[in-house]
Amino acid sequence: MSTIDKLNLKSTLLEQFKTFENELNGEGKKPIHKIRQQAIQTFDGLGFPTTKHEEWKYTNLGKVLKQAYTFGKRSELQMADIQQFLLPNIPNANTIVFVNGAYEPTLSNIVSSEEVLIVKTLEEAYDTHESLVAPYFGQLTKTSEEAMIALNTAFTKNGIFIHVPANKVVEEPVLMYFITDTRTANQGAQPRSLIVVEQGAKATFVDKTDTLGENASFNNVVTEIVVEPNARVEHYKVQNDHAQASYIGTTQVKQAQDSYYANTTISLNGSIVRNNLNVALDGSNVETHMFGLYMLTGNTHVDNHSIADHLKPHSMSNELYKGIMDESSTGVFNGKIFVRQDAQKTNAYQQNRNILLSDNASINTKPQLEIWADDVKCSHGATTGNLDEEALFYLRSRGIAENEAHALLIHAFGNEIIEKITLEPLRAYLEQLVMQRLGVDLNPISADFE
Amino acid sequence: MSKETDILEEHINSDYKYGFETKIETESAPKGLSEDIVRFISAKKNEPEWMLEWRLKAYAQWLEMTEPNWQNVDFPKIDYQDIIYYAAPKKKAKLDSLDEVDPELLKTFEKLGISLEEQKRLTGVAVDAVVDSVSITTTFKEKLGELGIIFCSMSEAVQDHPELVRKYIGKVVPANDNYFAALNSAVFSDGSFCYIPKGVRCPMELSTYFRINTAGTGQFERTLIVADEGSYVSYLEGCTAPMRDENQLHAAVVELVAMDNAEIKYSTVQNWYPGDKEGKGGIYNFVTKRGICDGVNSKISWTQVETGSAVTWKYPSCILKGDNSIGEFYSVAVTNNYQQADTGTKMIHIGKNTKSRIVSKGISAGHSQNSYRGQVKVMKRATNARNYSQCDSLLMGDLCGAHTFPYIEADNRTAVIEHEATTSKIGEDQLFYCTQRGIDPEAAVALIVNGYAKEVLKQLPMEFAVEAQKLLAISLEGSVG
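Residue numbers (this note's numbering), protein chains in the order written: chain A, 1 to 450; chain B, 1 to 481.
Keep in mind that the hints were calculated from the coordinates and are not lab data.
Do not rely on the hints blindly, as some may be mistaken.
[As the list claims (entries may be wrong)] Residues on chain B that point at chain A, a partial pick, calculated with CB under 8 Å:
no., residue
1, 398
2, 407
3, 408
4, 409
5, 415
6, 416
7, 417
8, 418
9, 419
10, 421
11, 423
12, 424
13, 425
All of these numbers come straight from a predicted model, not from anything done at the bench.
Glycine is no exception: its CB is placed at the ideal position from the N, C-alpha and C atoms.
Make a model of the complete structure from these sequences and hints.
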């Protein structure tokens with residue numbers, strides 16, 4: 001497909017949609033295509049977000065959009081090409097691999113039985129599981145308000161449908177790799193997933209985004225997750241891509257009564273990273289956890305937007321995001337808690353803590369509460385600071401070198417998030433990454449304290 | 001709970017007691033806004049050429065601007081051509097003493113509890129009273145004059161101290177700052193001007209009382225306070241308006257300038273007519289208030305008790321430019337019935353070792369919506385900046401809303417910023433504790449709310465603190481049942 005240039009990126013994409021439509025052949029008459037057509041119109045109306053949009057106030061996409069990308073080009077990768085991106089020490093796992101936004105069954109490996117875990121392309125699922133796909137696909141996300149979601153929806157092809165039937169437990173974690181091949185040129189990708197975890201079922205998902213090759217990549221990812229009554233979902237996101245990789249990802253979650261959803265997002269590297277995590281607590285007795293750690297260097301810009309939308313009474317949400325900004329990096333946090341009029345007896349907590357380590361780093365944070373019910377307990381807090389002088393002094397006075405004392409404190413700060421990860425090999429892997437970032441081997445020091 | 005509810009109902013239904021209208025002869029400009037009206041106002045005030053030019057420039061800029069709509073409030077569109085931009089009690093000549101003031105007007109102020117006569121005799125507060133567009137009288141002028149303090153209406157200041165006005169007007173809030181500031185700059189009619197010379201500590205509270213009287217008018221006053229090196233002033237502002245079915249616009253601008261080691265304390269008790277129980281009528285209170293801590297070690301402190309207005313939209317802000325300067329914002333905002341408030345502050349840290357503190361207490365009842373919106377910005381060079389913000393919301397009933405929109409921006413690694421916010425209702429256990437000890441529910445609510453707002457109320461000068469507590473009681477007690 002055609003290359004997109006800076007000046008008329010939007011019109012090129014609109015033009016490209018026509019080519020895309022023609023290549024669909026008979027599929028163009030199916031109901032899924034109606035949704036695509038609506039979405040492209042929405043995108044046409046909205047255009048790319050700019051810093052004038054309140055939701056994009058602190059994230060300027062100019063740097064991403066001024067580059068040229070090829071979108072949706074299929075790439076024939078071998079296992080050897082992607083081996084380097086796979087999470088270590090999780091031998092018994094389901095792997096789902098996307099290359100340039102398209103699901104690649106040949107690189108993927110489903111180890112769970114078909115009674116427990118069903119994985120299909122979205123188009124196929126629209127035929128076989130219409131009752132599960134149609135009510136959710138493109139319905140959970142506010143396509144009409146967010147240009148980037150609309151753009152993803154318009155070009156949905158070879159997206160994925162993951163289904164866990166009622167009362168099934170997927171023992172093996174589902175690892176989803178989003179790989180963009182930029183070895184020959186800049187590459188754009190728009191992967192799309194719909195995950196339906198039915199009543200009483202349980203599953204763990206891990207997302208990891210990586211770029212193969214030195215050129216720039218631009219991922220616009222949308223994931224919709226339906227958590228039915230009494231179901232339990234744990235979801236992790238690992239973002240440690242290279243410095244030319246831009247990422248805009250929306251995770252839209254709808255939770256029914258008595259369900260549990262926990263998300264932990266770890267952002268370590270990238271060019272511009274934007275995470276939208278929107279959870280609708282649409283039932284009573286729902287439990288939601290949102291944790292995040294962004295530990296940034298270089299020119300990396302990470303923007304975490306989250307929404308906990310309490311629609312029904314007696315639910316709780318808990319959010320903790322922590323940021324460590326070094327060099328010229330910038331962090332953005334915007335957490336919203338909505339408590340609707342019906343959602344009495346809601347408990348909602350939100351915290352954002354930040355450390356700035358360099359004179360060129362910055363943080364913009366906007367914790368937000370919007371409450372329409374009176375019998376609720378809601379609070380939020382945000383802090384920005386640097387390392388505690390007294391704690392540093394304590395460590396130095398006990399003979400610990402300055403760089404080691406720094407590392408120890410930063411590690412302790414970040415570890416509050418890392419230790420929330422219950423998937424042990426993933427936790428160990430991420431802790432290792434954090435240690436590498438600190439550049440100090442803390443094990444001997446920690447041993448001294450024990 | 002029925003008996004309690006009755007008592008509370010009674011309170012919630014208590015009428016706005018400042019709703020009367022005074023029948024005095026006024027002189028107004030025709031409705032509508034045009035370049036001619038701007039010229040008319042300027043001519044009425046016998047202003048120098050530079051002032052007229054400044055107004056016309058602002059008017060031209062206003063024409064280019066569009067009304068902002070990002071705030072979390074909802075109201076019918078304002079027809080700017082349906083407003084009278086100038087209305088003044090008719091007066092024959094310049095007044096030399098209070099005796100010459102229209103007796104009807106004096107009665108008005110007595111009804112409002114601000115007896116200008118009495119103020120004159122007792123030491124305490126110097127008052128500048130502004131009705132509709134014009135400052136009526138300023139008390140204690142001579143006594144303040146002995147210390148070199150200038151406290152007069154803006155119109156007088158333009159005539160008598162043009163060099164000061166010209167130097168500082170629009171310095172903190174430029175004419176094109178925002179839509180309503182531009183409108184104000186074009187058509188502002190009067191307001192207070194205050195200059196405290198070097199090293200002078202103003203011995204009394206300075207106060208302005210604003211009142212909208214004539215129907216169909218908008219009030220556009222402009223206040224400018226300049227505290228020169230090492231001076232101190234505490235300034236109070238109060239406002240009321242008659243009850244009317246129509247909405248009236250109040251778009252004021254307040255500018256504060258604090259030089260080296262100077263301190264300005266600015267307190268507001270805002271009680272404009274909030275509209276009736278169905279949300280009909282009331283004042284639109286769209287005000288731009290901003291202070292600059294221009295010099296080292298300077299301090300600006302805003303305290304506000306917001307109980308009135310149908311729609312409030314204001315953010316008293318501090319630009320902390322001087323090293324070691326301090327900005328403070330204390331606010332209690334109460335909304336009831338169909339009132340809407342979107343208020344908060346901005347603290348812009350520019351200088352080194354600057355400190356700011358924000359304490360905001362929102363109370364919403366009835367069908368009202370109450371939003372806190374604040375910004376704390378630490379610029380790159382503001383080493384060792386420190387901010388502490390606390391915004392609490394209290395909800396009474398399940399039909400109202402409380403919202404918090406803090407923007408925290410740090411570009412310096414030495415910045416320490418803390419923000420916390422909570423939302424809750426008056427606890428059943430707290431009420432039970434009080435009633436069990438023989439305190440009736442109504443007094444219990446008053447007690448709890450006063451305790452909740454205490455941190456802000458204690459910042460108010462004594463005279464206002466009493467008034468503010470009563471206001472809180474009237475505005476609120478009906479809301480828990």
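Do the hints match the structure? See the list:
1. 398: With a closest approach of 5 Å, the residue 398/B hint holds.
2. 407: Since the shortest Cβ distance to chain A is 5 Å, the answer is holds.
3. 408: holds, 5 Å
4. 409: holds, 5 Å
5. 415: Since chain A brings a Cβ to about 6 Å from residue 415/B, closer than 8 Å, the hint holds.
6. 416: With a minimum Cβ separation of about 4 Å from chain A (threshold 8 Å), the hint on residue 416/B holds.
7. 417: holds, 4 Å
8. 418: Hint on residue 418/B: holds, closest Cβ of chain A at ~5 Å, below 8 Å.
9. 419: Where the cut-off is 8 Å and the nearest Cβ of chain A is about 4 Å from residue 419/B, the hint holds.
10. 421: holds, 5 Å
11. 423: With Cβ-Cβ at 4 Å, under 8 Å, it holds.
12. 424: At about 6 Å, which falls below the 8 Å cut-off, the nearest Cβ of chain A leaves the hint on residue 424/B intact, so it holds.
13. 425: Holds. Min distance 5 Å.
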